[in-house]
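Enquirer: For the sequence shown, this note's numbering begins at 0 and goes up steadily by one.
The hints are simulated quantities; they were obtained by calculation from the structure and are not laboratory data.
Treat each hint with caution, since some may be false.
To be verified - As a list, the in silico BS3-like pairs of lysine-lysine whose alpha-carbon atoms are at most 30 angstroms apart:
(1) K86 / K158
(2) K158 / K34
(3) K158 / K38
(4) K158 / K36
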Amino acid sequence: MQAADWLGFVETTEVGRFQELPYSQQIALLDARAKSKGKTLIIRDWVTVNYLPGAGGSTMGPSYILEQSVYLARAGYSLQPLVLTRKAKSVYWSIRRNFMHMVNLTVEEFALSYLAYANAVSSFHRISLESLQSAPRETLIQLLQVIGVSIDYVDMQLKTFADFRQCTGNNTLTVPSATSYERHIVQVSQDSVGSIDTLNAEVLIEADRLMGYEL
0 MQAADWLGFV
10 ETTEVGRFQE
20 LPYSQQIALL
30 DARAKSKGKT
40 LIIRDWVTVN
50 YLPGAGGSTM
60 GPSYILEQSV
70 YLARAGYSLQ
80 PLVLTRKAKS
90 VYWSIRRNFM
100 HMVNLTVEEF
110 ALSYLAYANA
120 VSSFHRISLE
130 SLQSAPRETL
140 IQLLQVIGVS
150 IDYVDMQLKT
160 FADFRQCTGN
170 NTLTVPSATS
180 YERHIVQVSQ
190 DSVGSIDTLN
200 AEVLIEADRL
210 MGYEL
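Full structure from sequences and hints, please.
Expert: Right, dumping it as structure tokens:
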């Protein structure tokens, strides 16, 4: 469990009791322990399951609301949301390439779901993946300022980022991600699934506009 193994906010002997707590109490405990160590608790949300049919498996359908925000607001937290954006077409191809159970996702399903998500987050602070890649230092400073974290260690963070392993994604180009192995991925090329028709292309363009892209 990340709270115990990565963050060190929950002792091994507490894990069982912690898992039995209601979600709001779990967050309250983690927030208090983060503050006691002079740290800021940042919650990463996987909103795909809230908007895209099939993302959460066959037993979980999308609610089309930002559920995490609802839960935290009910628990009395004031939120400072930050959205890391990526152009809609890139998101679509990435989902198809990297999630085996979503390899047959149609552009129609994705376009409407992504537009609903873009509408939901359009008022939030947004930082694009493209700017993070092209201007990492400036963009990281902007990101940290939005969430109220010190920018004093930006250069160190950029230099040592690839050495960090306590995360759910692959953050280095020198080690292939698990999805690159043949047994874990079905290769999908853009040519093999056809082009995006005009109607759905317009929907994705509108989603990009809501995400702050200049078109």
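Enquirer: So which of the earlier hints does this model not fit?
Expert: none
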